[in-house]
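J.: Listed here are the chains, written in short residue letters.
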Amino acid sequence: MNNLSAILTPEFVSAILLPALIAGIAVSLCSSLLGVSLVLKRCSMIGDGLSHVGYGTLCIAVAMGWAPMQVTIPVVIAAAYILLRLSESSRLGGDTAIALFSTSALALGIFASSKANLMTDVSHYMFGSILAMTKGDVIFSVILSICVLLVYLLFYDKIFAVTFDENFARATGLNVRFYNLLIAVLTAVTVVLGMMMMGALLISSLMIFPAVTAMRLCKRFRGVVITSVIVSVSCFLLGLLFSLMFDTSVGASVILVNLAVFVLSSLLGTLLRRAGAGKQR
Amino acid sequence: MAYITCKDITLRYESLTVQEHLSFTVEKGDYLCIVGENGSGKSTLMKCLLGLKSVDAGSMTFGDGLKRNEIGYLPQQSMIQRSFPASVREVVLSGCLNRRLIHPFYTKADKARAAEQMECLNITSLADRCYRELSGGQQQRVLLARALCATQKLLLLDEPLTGLDPLVATELYGILRHIHEEHGITVIMVTHDVECAVRHARTILHIGKNESFFGSCAEYEKSAVGRRFLGETIAQEHCSGCAPGHAEKKQEAEA
Numbered sequence: 053m054n055n056l057s058a059i060l061t062p063e064f065v066s067a068i069l070l071p072a073l074i075a076g077i078a079v080s081l082c083s084s085l086l087g088v089s090l091v092l093k094r095c096s097m098i099g100d101g102l103s104h105v106g107y108g109t110l111c112i113a114v115a116m117g118w119a120p121m122q123v124t125i126p127v128v129i130a131a132a133y134i135l136l137r138l139s140e141s142s143r144l145g146g147d148t149a150i151a152l153f154s155t156s157a158l159a160l161g162i163f164a165s166s167k168a169n170l171m172t173d174v175s176h177y178m179f180g181s182i183l184a185m186t187k188g189d190v191i192f193s194v195i196l197s198i199c200v201l202l203v204y205l206l207f208y209d210k211i212f213a214v215t216f217d218e219n220f221a222r223a224t225g226l227n228v229r230f231y232n233l234l235i236a237v238l239t240a241v242t243v244v245l246g247m248m249m250m251g252a253l254l255i256s257s258l259m260i261f262p263a264v265t266a267m268r269l270c271k272r273f274r275g276v277v278i279t280s281v282i283v284s285v286s287c288f289l290l291g292l293l294f295s296l297m298f299d300t301s302v303g304a305s306v307i308l309v310n311l312a313v314f315v316l317s318s319l320l321g322t323l324l325r326r327a328g329a330g331k332q333r
Numbered sequence: 166m167a168y169i170t171c172k173d174i175t176l177r178y179e180s181l182t183v184q185e186h187l188s189f190t191v192e193k194g195d196y197l198c199i200v201g202e203n204g205s206g207k208s209t210l211m212k213c214l215l216g217l218k219s220v221d222a223g224s225m226t227f228g229d230g231l232k233r234n235e236i237g238y239l240p241q242q243s244m245i246q247r248s249f250p251a252s253v254r255e256v257v258l259s260g261c262l263n264r265r266l267i268h269p270f271y272t273k274a275d276k277a278r279a280a281e282q283m284e285c286l287n288i289t290s291l292a293d294r295c296y297r298e299l300s301g302g303q304q305q306r307v308l309l310a311r312a313l314c315a316t317q318k319l320l321l322l323d324e325p326l327t328g329l330d331p332l333v334a335t336e337l338y339g340i341l342r343h344i345h346e347e348h349g350i351t352v353i354m355v356t357h358d359v360e361c362a363v364r365h366a367r368t369i370l371h372i373g374k375n376e377s378f379f380g381s382c383a384e385y386e387k388s389a390v391g392r393r394f395l396g397e398t399i400a401q402e403h404c405s406g407c408a409p410g411h412a413e414k415k416q417e418a419e420a
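Those sequence lines, one after another, are chains A and B. Going by the working numbering, the first residue of the first sequence is number 53, and it counts up by one from there. Going by the working numbering, the first residue of the second sequence is number 166, and it counts up by one from there.
Since the hints were made in silico from the structure, they are not lab data. It cannot be assumed that every hint is accurate.
Computed list of lysine to aspartate or glutamate pairs in EDC-like fashion (alpha-carbon distance at most 16 Å, straight line) [unchecked claim]: (1) K218(B) to E218(A); (2) K218(B) to E140(A); (3) K271(A) to E298(B); (4) K276(B) to D209(A); (5) K273(B) to D209(A); (6) K212(B) to E218(A); (7) K271(A) to D293(B); (8) K210(A) to D275(B); (9) K318(B) to E346(B); (10) K318(B) to D229(B).
Derived coverage of chain B by chain A (criterion: at least 3 residues anywhere in the stretch with Cβ under 8 Å from a Cβ of chain A; other residues may be distant) [unchecked claim]: (11) 210 to 219; (12) 248 to 258; (13) 267 to 281.
These figures come from a predicted structure and were not determined experimentally. Ideal placement from N, C-alpha and C gives every residue a C-beta, glycine not left out.
Chain A with its partners taken away, still in its complex shape:
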């Protein structure tokens, strides 16, 4: 175990830890908000598919020497649109189409980067590198996160309606296709930002865990959203602390903390329900 006071020198804190904290909190916020919609709409797979596409694009961008984030975000947004269409109208069935599409994109990326002998360069995106982000990356991801948050808050009521009952929303004149696309685009942006920090392998569970944890504990949509945000941010902070103490991967530590919290909240949820049922009797 590391001695925290020895690592936390003023230089380390101001140059590396603080930016990582800010960016990490911002992305945790976004991913937990969108996670609630994805889980309830039963399309958690879209998050996973997008992270595959994102990683594939990243590999190509690195191989070509392009700026990774700025290239990947538009490509993943386009992929989100295509995945949504595929899952709406595919003869194969939504999840199969998503799997085919996203693994193909991933393979293409790996193919390009192995051709350029850059596998070691891109492999750290597999697990993320929040402590190695440049200042530019941090500023860029904070700005994007704020945009995602604002759009989500502005359309909160409509996102609820579309998530709860798509047909009713459509019948009463809401542009359901637009809002589904909006959710997919916000997810795409969040997936790419999260991938830079937490890694392509872990980002989709970062979206899903806080949401399912919150669903164990809360009965109202607003409650679920707020709890999910709190769980996500606190698990990120705890995970980061653990990773500094034990010198482990940040992404993996955050997910393990999320897992522990999920198990605890499941137990707590069961106990609460039992108590509630007992009272009613």
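Knowing the structure of chain A, use the given hints to seat chain B on it.
T.: Here is chain B on its own, set in the frame of chain A:
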């Protein structure tokens, strides 16, 4: 002009034509029940009325001041996710969304309207309860309150009685009559329960594979298709929802 005028419409389900040359009108203040066998295109017609699908031929026009987004809709119970975490208030409020497509948040007027509808359907005490923990009848009333938030003119119901026990079904018919008579809301209901339909509706649209009927309930009971269909259902003991007298009659007959 009528609220809805359908002229010579064709309905297709996937590539199969289920109805051709269907014409009917829905007047303001009407109470229309759409009945017919399974697979005759009731649900497809419902989708067209809701604007989820366009008619495959012919014309469907809205008139008399009715706009497409002024329709309240009560979906089949099975269409809703039963495990969704949402409070009754949140669900009912979401019916107000079509009134303010630009304004980002619910206004005071929206909240007042939702409260009024919850009061009307006697679910105010459930406002903070979780939707998924309610009984089937309570859930149905919540969805009805949501539908009433969305409309003051026309209510569409898709098989609202499926999965409800007879007592709750009777109660629902009572609520519908109240909404129709006191609030002056036009009602269109798709149902397989033809005996209840005849008892409560003003107009019947029967869509069958070979023959269709559109007219008042009295005419329907006299028509060939109506007699046959009503006879069949009585024989099969289909109707359980609204006919307390019916069961007694049967017991008398057995005695």
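J.: Take the C-alpha atoms of K218(B) and E140(A), compute the straight-line distance between them, and say whether it is at most 16 Å.
T.: holds (15 Å)
J.: When you check the alpha-carbon spacing of K210(A) and D275(B), does it fall within 16 Å?
T.: holds (14 Å)
J.: Quickly compare the C-alpha distance for K273(B) and D209(A) to 16 Å and report which way the hint goes.
T.: holds (15 Å)
J.: At a Cβ distance under 8 Å, does chain A reach at least three residues of the stretch 267 to 281 of chain B?
T.: It holds, with 3 qualifying residues against the three required.
J.: So if I understand the rule, the pair passes when the alpha-carbon distance is 16 Å or less; does K318(B) with E346(B) pass?
T.: Satisfied, since the Cα-Cα distance of roughly 12 Å is no more than 16 Å.
J.: Please verify whether K271(A) and D293(B) have alpha carbons no more than 16 Å apart.
T.: Status holds; Cα separation ~9 Å.
J.: Check the hint pairing K218(B) with E218(A) against an upper bound of 16 Å on the C-alpha distance.
T.: Judged against 16 Å, a Cα distance of about 14 Å means the pair holds.
J.: K271(A) and E298(B) were given as a pair; does the straight-line alpha-carbon distance stay at or below 16 Å?
T.: Status holds; Cα separation ~9 Å.
J.: Check the hint pairing K276(B) with D209(A) against an upper bound of 16 Å on the C-alpha distance.
T.: Cα-Cα ~13 Å, so holds.
J.: Please verify the coverage claim for the stretch 210 to 219 of chain B: does it have three or more residues whose C-beta sits within 8 Å of some C-beta in chain A?
T.: holds (count 3)
J.: Closer than 8 Å Cβ to Cβ for three or more residues is the test here. Does the stretch 248 to 258 of chain B pass it with chain A?
T.: Holds, because 7 residues of the stretch 248 to 258 of chain B bring their Cβ atoms closer than 8 Å to Cβ atoms of chain A.
J.: Given the hint that K318(B) pairs with D229(B), does the C-alpha gap stay at or below 16 Å?
T.: Given that 16 Å is the threshold and the Cα spacing comes to 10 Å, the pair holds.
Going through the hint list in order, the structure satisfies each hint without exception.
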